[in-house]
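Student: So you can see what is in the structure, the chains are spelled out below.
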Amino acid sequence: TQLLEQSPQFLSIQEGENLTVYCNSSSVFSSLQWYRQEPGEGPVLLVTVVTGGEVKKLKRLTFQFGDARKDSSLHITAAQPGDTGLYLCAGEDYSNDMRFGAGTRLTVKP
Amino acid sequence: KAGVTQTPRYLIKTRGQQVTLSCSPISGHRSVSWYQQTPGQGLQFLFEYFSETQRNKGNFPGRFSGRQFSNSRSEMNVSTLELGDSALYLCASSLKRGSGYEQYFGPGTRLTVT
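The listed protein sequences derive, respectively, from chains A and B. All letters in the first sequence, in the order written, are residues 1 to 110 by our numbering. All letters in the second sequence, in the order written, are residues 1001 to 1114 by our numbering.
No lab work stands behind these hints: they were computed from the structure. We put the CB at the ideal spot given by N, CA and C, even for glycine. Check the hints yourself; a few may be wrong.
[Stated by the list, open to error] Straight line, CA to CA, 20 Å or less: simulated SDA-like cross-link-like pairs of lysine to any residue:
#1 K1057(B) <-> Y94(A)
#2 K1057(B) <-> N96(A)
#3 K57(A) <-> V44(A)
#4 K1057(B) <-> K57(A)
#5 K56(A) <-> E1102(B)
#6 K1057(B) <-> G40(A)
#7 K1013(B) <-> G40(A)
#8 K1096(B) <-> S30(A)
#9 K1096(B) <-> N96(A)
#10 K1096(B) <-> D93(A)
#11 K1096(B) <-> V50(A)
#12 K56(A) <-> K1057(B)
#13 K70(A) <-> E1102(B)
#14 K1057(B) <-> L3(A)
#15 K1096(B) <-> L45(A)
#16 K1096(B) <-> D97(A)
#17 K1096(B) <-> V55(A)
#18 K1096(B) <-> G40(A)
#19 K1096(B) <-> V47(A)
[Stated by the list, open to error] Pair by pair, the computed Cβ-Cβ distance ranges are:
#20 G16(A) <-> S1051(B): 43 to 53 Å
#21 V55(A) <-> I1012(B): 23 to 33 Å
#22 G40(A) <-> R1015(B): 23 to 33 Å
#23 L3(A) <-> R1009(B): 23 to 33 Å
#24 T20(A) <-> K1096(B): 28 to 38 Å
#25 E17(A) <-> F1069(B): 44 to 54 Å
#26 E1052(B) <-> E17(A): 24 to 34 Å
#27 G40(A) <-> T1020(B): 27 to 37 Å
#28 K1057(B) <-> P39(A): 26 to 36 Å
#29 P39(A) <-> F1069(B): 44 to 54 Å
Same shape as in the complex, but just chain B (with noise of 0.2 Å):
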């Protein structure tokens, strides 16, 4: 079973521009959730959607979005990139929610923002 993939890889963007982030989850799998993960904050859930709603944001600004599609494929959206944007994304999908549902993480985009 193939896992969790996200496009780009690599991205170098300047400040004020927007991005849009990839995340093919899991066959099967109907949750998705995405996080920014940092040296100095760790990871940063950014939020979660199943079958195509939102069911939970953190606490990141509205500059932050994100969409899933029927196929349970998902984007996110940044918009108006600040420095302090750089940082990896993850997106990790899972089979359910619900008590112990497991996570399974992609490789990450690495964004720079300059």
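Okay, chain A solo, but in the shape it has when bound (with noise of 0.2 Å):
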């Protein structure tokens, strides 16, 4: 069992469609990360929130950490093919280890 839960596992779009990602646990973070993945590469750090309830930008990508703290969404703007890839939310627990959820692989076709 996964501390962190993402959800969908799978999203396949069409360009220029809006699509919002989870990422849910029943622990406290005092802080998360989401990353992109590209096939064979490493996963590259989009953001990092630190206050519950924060909410911040990143172009079209718009990412919220619940005001407890447990949870975030990314939500994604008139998606485009260059954001296909899988994305994964990492918590960090009050031990500052850092915990990854399974990752949610998003395909956009164009």
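Make the complex out of the two chains shown on their own, each in a separate frame, by following the hints.
Tutor: Pasting the structure below:
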């Protein structure tokens, strides 16, 4: 059982559509990070959220950390084929250990 | 600034052999973590080194070991390889541990055990 549950596991959409992926846990985290990984490469850090309720925007990507610091969401507006990849969330617990979710595999079709 | 580098990128070994993977962190980063990534299990934490000391270890057998050198470069070793050890091994470096610390990953070493 994953400490961090990501949903959906797979998502296939058309270019231009909006989407939201979720990262949920019953544990509280001191910070939470989102990564994107492309095939054959390591994950690339997208954002770190630290404060409960925090919202961060990165161009068409909006990240939110839940008020209770147990969950997070990633919203992509007007998805593009270049957004295709595996999106991973990772939570830092209060022992400073990092726990990863299994990921959401996103495919954006042109 | 150069990113995290891992060598080799690809490796094929046979069961029973041992393997050593290398990771060079971003300059100035003192923390190096190792992960195993497989399609079935996702990213699984192996261990973390900070200033040459192992700070934490994941739930892996003793066949998996690592070390860190004074220049922060790290190696991991897997002895008596099994077919199930086939995976992408990722190394990540960070400046420090603590709230909000950010990890930067290398491209990984793809290990295939036959």
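Student: If a hint holds in the structure, say so; if it does not, say that too.
Tutor: A quick look at each hint next to the structure:
no.: 1; hint: K1057(B) <-> Y94(A); in the structure: holds, 16 Å
no.: 2; hint: K1057(B) <-> N96(A); in the structure: holds, 13 Å
no.: 3; hint: K57(A) <-> V44(A); in the structure: holds, 16 Å
no.: 4; hint: K1057(B) <-> K57(A); in the structure: violated, 34 Å
no.: 5; hint: K56(A) <-> E1102(B); in the structure: holds, 16 Å
no.: 6; hint: K1057(B) <-> G40(A); in the structure: violated, 25 Å
no.: 7; hint: K1013(B) <-> G40(A); in the structure: holds, 19 Å
no.: 8; hint: K1096(B) <-> S30(A); in the structure: holds, 15 Å
no.: 9; hint: K1096(B) <-> N96(A); in the structure: holds, 10 Å
no.: 10; hint: K1096(B) <-> D93(A); in the structure: holds, 15 Å
no.: 11; hint: K1096(B) <-> V50(A); in the structure: holds, 16 Å
no.: 12; hint: K56(A) <-> K1057(B); in the structure: violated, 32 Å
no.: 13; hint: K70(A) <-> E1102(B); in the structure: holds, 18 Å
no.: 14; hint: K1057(B) <-> L3(A); in the structure: holds, 17 Å
no.: 15; hint: K1096(B) <-> L45(A); in the structure: holds, 16 Å
no.: 16; hint: K1096(B) <-> D97(A); in the structure: holds, 12 Å
no.: 17; hint: K1096(B) <-> V55(A); in the structure: violated, 24 Å
no.: 18; hint: K1096(B) <-> G40(A); in the structure: violated, 27 Å
no.: 19; hint: K1096(B) <-> V47(A); in the structure: holds, 17 Å
no.: 20; hint: G16(A) <-> S1051(B): 43 to 53 Å; in the structure: holds, 48 Å
no.: 21; hint: V55(A) <-> I1012(B): 23 to 33 Å; in the structure: violated, 46 Å
no.: 22; hint: G40(A) <-> R1015(B): 23 to 33 Å; in the structure: holds, 24 Å
no.: 23; hint: L3(A) <-> R1009(B): 23 to 33 Å; in the structure: holds, 30 Å
no.: 24; hint: T20(A) <-> K1096(B): 28 to 38 Å; in the structure: holds, 32 Å
no.: 25; hint: E17(A) <-> F1069(B): 44 to 54 Å; in the structure: holds, 48 Å
no.: 26; hint: E1052(B) <-> E17(A): 24 to 34 Å; in the structure: violated, 49 Å
no.: 27; hint: G40(A) <-> T1020(B): 27 to 37 Å; in the structure: violated, 21 Å
no.: 28; hint: K1057(B) <-> P39(A): 26 to 36 Å; in the structure: holds, 29 Å
no.: 29; hint: P39(A) <-> F1069(B): 44 to 54 Å; in the structure: violated, 31 Å
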